[in-house]
Amino acid sequence: MTRHATDAAVAEPPRSNSDLFGLYRDMRRVRTFEERVGELFVRGQSAGSMLHLSIGEESAAVGLGSLMRKGDTFTTHHRGHGIFLARGADPNRMMAEIAGKETGYCSGKGGSMHIADMGLGHLGANAIVGGGIPAVVGAGLASKRAGEGDVSIAFFGDGAMQQGILYESMNMAALWDLPVLFVCINNQYGMGTRIEQATKGRALHLRAQALGLNGETVDGLDVRDVRATAQALLDDARLGHPGFLAVECYRFFGHARMDKSPYRAEQDETEGRAKDPVRFARDALIGDGTAPEDTLDSLDKEIEAEMDGAIDFAIAAKQPPLSSMFRDVYAVGEAEPEPVRTRIDRILAKD
Amino acid sequence: MADREIMYREALREAIDEEMGANPEVFIIGEGIAERGGSYKVTEGLLAKYGPKRVRDTPIAEAGMIGVGVGAAIAGTRPIVEILYVDFAMLGMDMIVNQAAKFRLMTGGEGRVPFVMRTQGGAGGGVAAQHSQSLEALFYHIPGLRVVMPSTPADAKGLLKHALRQSDPVMFLEHKHLYMTKGPVPEGEHVVAFGKGAIRRQGKDVTVIAWSNMVQRALDAAEDLAAEGIDVEVIDPRTLVPLDEDMILASVAKTRRAVIVQEAPRRGGVASDIASIIQDKAFFELDAPVTIVAGLNVPIPFNLTLEAASVPQKDDVVGGIRRALHIGPLAAAAE
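Chains A and B, in that order, give the protein sequences.
Heads up, the first sequence is in numbering that gives the first Met the number 0, so the first residue is 0 and it goes up one at a time.
Heads up, the second sequence is in numbering that gives the first Met the number 0, so the first residue is 0 and it goes up one at a time.
Honestly, the hints are just simulated from the structure, not real lab data.
Nothing here was measured: the structure is a model prediction, and the numbers come from that model.
One or more hints might be untrue.
[Claimed, not checked] Pairwise CB distance ranges, derived in the manner of DEER restraints:
(1) B:Lys-203 to A:Gln-318: 50 to 56 Å
(2) A:Gly-146 to B:Lys-313: 51 to 57 Å
(3) B:Ala-307 to A:Met-324: 55 to 61 Å
(4) A:Gln-44 to B:Arg-35: 36 to 42 Å
(5) B:Lys-313 to A:Lys-199: 57 to 63 Å
(6) A:Ser-48 to B:Pro-241: 35 to 41 Å
(7) A:Leu-321 to B:Lys-203: 51 to 57 Å
(8) B:Ile-59 to A:Arg-68: 31 to 37 Å
(9) A:Ala-227 to B:Lys-52: 32 to 38 Å
(10) A:Gln-318 to B:His-140: 24 to 30 Å
(11) B:Ala-287 to A:Met-190: 50 to 56 Å
[Stated by the list, open to error] In silico DSS-like cross-links for lysine-lysine, where the CA-CA straight-line distance does not exceed 30 Å:
(12) A:Lys-143 to B:Lys-313
(13) B:Lys-48 to A:Lys-143
(14) B:Lys-313 to B:Lys-195
(15) B:Lys-203 to B:Lys-181
(16) B:Lys-195 to B:Lys-181
(17) B:Lys-253 to B:Lys-175
(18) B:Lys-52 to A:Lys-69
(19) B:Lys-203 to A:Lys-143
(20) A:Lys-143 to B:Lys-160
(21) A:Lys-317 to A:Lys-199
(22) B:Lys-52 to B:Lys-40
From the three backbone atoms N, C-alpha and C, an ideal C-beta is built for every residue, glycine too.
Make a model of the complete structure from these sequences and hints.
And the structure:
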């Protein structure tokens, strides 16, 4: 990650389930970041309208993101901003990438749907439903060979539960005892199709169990539940018992920014949005006296300022030059490249 | 000292063996490649030498295994995924086209996919429509992929060794009728870099460009025509991406006539693109239209007579060369 020299004050992820304040802070950062992504679009500063917000799904991102450690890898679906941010991404460089700018994580060539960062183990967001899933099986093979107990996690939505590639991938992960976790963020909608219209069998974890994986479903309302369930599965995955976790939540907004959700009633949305993991955590912090409301208010304001800064950073950043067009299509003049593992180790050593 | 002669499949095995021996990150997965040794016996003996962790049988799940290979490459290893027939790679096209080919660019150059998909194509022998195709044009069309088509045992070894040392996703397309062919292959270190063609026969009257199994057919046609005093140059680009344009254009500038031979159907093929490159960059060097000899625009029929008629045979190549030399009926269509 030497090409970019931005320094973000990235908060330390929570280290335990009892740190609800930390978990709340991370979820609030995801929520506010996504709201600012929406703002970037409204201001005409996002490069395109293919922006898929994960508002309502923060407990999955933070529950898992706070458990990942250095050396772990992951892939995400197209709705993955929150996961990457929860894993420790720099919001400035994320926002710059979403704006298609040179200082973005992928030099403006990946965008919201393809954001990646080898240094943080992000092996790529994907615009093909299910497309990133088998890569974690490959990364699991690599990890098993290295023997460090690093786990590789595939994040995807309920839409991918109906793709064949998921079953090929889970089967091989179980067959070969790989340190892999499959995480389905079930926000109830595959684009404009509600899960009831997509499948008869909605106890999703049973499918994984049938293939010999550990399988669980957890309600995404309380991030502590998500984190605890994920922790058990991850611990087992590190030992070579792959797992599957479905996190039940609700997609607050449309599929993408242009989608006004004509396929669902206002009442459904109201009921769905009542299941808000960020507000739930906030109420719990106030309710049990952990944090007074004004403390949370000032934390929220700090986060808003941070994410406003990300927008400013993105807007001020340069467009990639046209001369970068053919860069990074092929390795040019790279007959004997540095071995990739050495390269990743070198990059990882820097953070 | 003359090189010993070994078979194409043995040369491939030697390349895999040497690279696995030299680099612990190289491993191979595929259907029936370990205990069975592969349907074409390329991987025979590797399981005993390197063990089941590095020579691994997979379930019959092509999309999954290609995706696993891509992921393992991204994560820092050097997988070879053997796909039994190129026809079966169609199940994994998302992984090849949308994942592997674009990863470097989508990550702004941070990501690498040192992934090699070995597979084989080609017609002959009555294996019918779903086991006979030449699909290189599909991969050739996709920026980000390397497309390699060795025609000799020595190139099979040298190009595969190079494929396992570079960092782009490689479509390594073998030909089922070349596995048992023999030729001289250097022992030990022998690497053939991508993008450098080979002149298989020197000539001054006409340039024939051919790859994979069509190289031998072009050489056979050249031999026939030599008896008539026609001096044919045969060029084998060896890799289609990158393509050795310099060698092709230099030869065309010398002979002033070009014939391109491909086994794949004519429509939308690599030959058409090479023809367009020649007309674009060497139009005023040409004394005749560029001629294409290609497979017919049909699925490969099972019946052996129909099958043979659907892909270029030696006489078709001879006919194409005659047309380029204005010998025989000018108006004869390519197919």
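Open item on the list: Check whether the Cα positions of Lys-143 of chain A and Lys-160 of chain B lie no farther apart than 30 Å.
Closed with: Since the Cα atoms of Lys-143 of chain A and Lys-160 of chain B sit roughly 25 Å apart, the hinted pair holds (cutoff 30 Å).
Task: Consistency of beta-carbon spacing, Met-324 of chain A to Ala-307 of chain B, with hint 55 to 61 Å - done: 45 Å, violated
Task: Pairwise hint evaluation, Lys-181 of chain B against Lys-195 of chain B, where the allowed Cα distance is 30 Å at most - done: The hint holds at about 22 Å.
Task: Ala-287 of chain B versus Met-190 of chain A beta-carbon gap, inside 50 to 56 Å or not - done: 54 Å, holds
Open item on the list: Please check whether Gln-44 of chain A and Arg-35 of chain B have a Cβ separation lying inside 36 to 42 Å.
Closed with: Since Gln-44 of chain A and Arg-35 of chain B have Cβ atoms about 57 Å apart, the given range 36 to 42 Å is violated.
Open item on the list: With the threshold set at 30 Å, check whether the alpha-carbon distance from Lys-317 of chain A to Lys-199 of chain A stays at or below it.
Closed with: 49 Å, violated
- [ ] Quickly compare the C-alpha distance for Lys-253 of chain B and Lys-175 of chain B to 30 Å and report which way the hint goes.
- [x] 34 Å, violated
TODO: Compare the distance between the alpha carbons of Lys-52 of chain B and Lys-69 of chain A with 30 Å, and conclude whether the hinted pair is satisfied.
DONE: At roughly 25 Å apart (the allowed maximum being 30 Å), Lys-69 of chain A and Lys-52 of chain B satisfy the hint.
Open item on the list: Check the hint pairing Lys-203 of chain B with Lys-181 of chain B against an upper bound of 30 Å on the C-alpha distance.
Closed with: 28 Å, holds
TODO: Using the beta carbons of Ser-48 of chain A and Pro-241 of chain B, state whether their distance is inside 35 to 41 Å or not.
DONE: At roughly 36 Å between Cβ atoms, Pro-241 of chain B and Ser-48 of chain A fall inside 35 to 41 Å, so the hint holds.
Task: Lys-48 of chain B paired with Lys-143 of chain A [C-alpha distance capped at 30 Å] - done: With a Cα-Cα distance of about 20 Å, the restraint between Lys-48 of chain B and Lys-143 of chain A holds, given a limit of 30 Å.
Task: Hint check for Lys-313 of chain B and Gly-146 of chain A - Cβ pair distance inside 51 to 57 Å - done: 55 Å, holds
Consistency note: the structure conflicts with the earlier hints numbered 3, 4, 7, 12, 17, 19 and 21.
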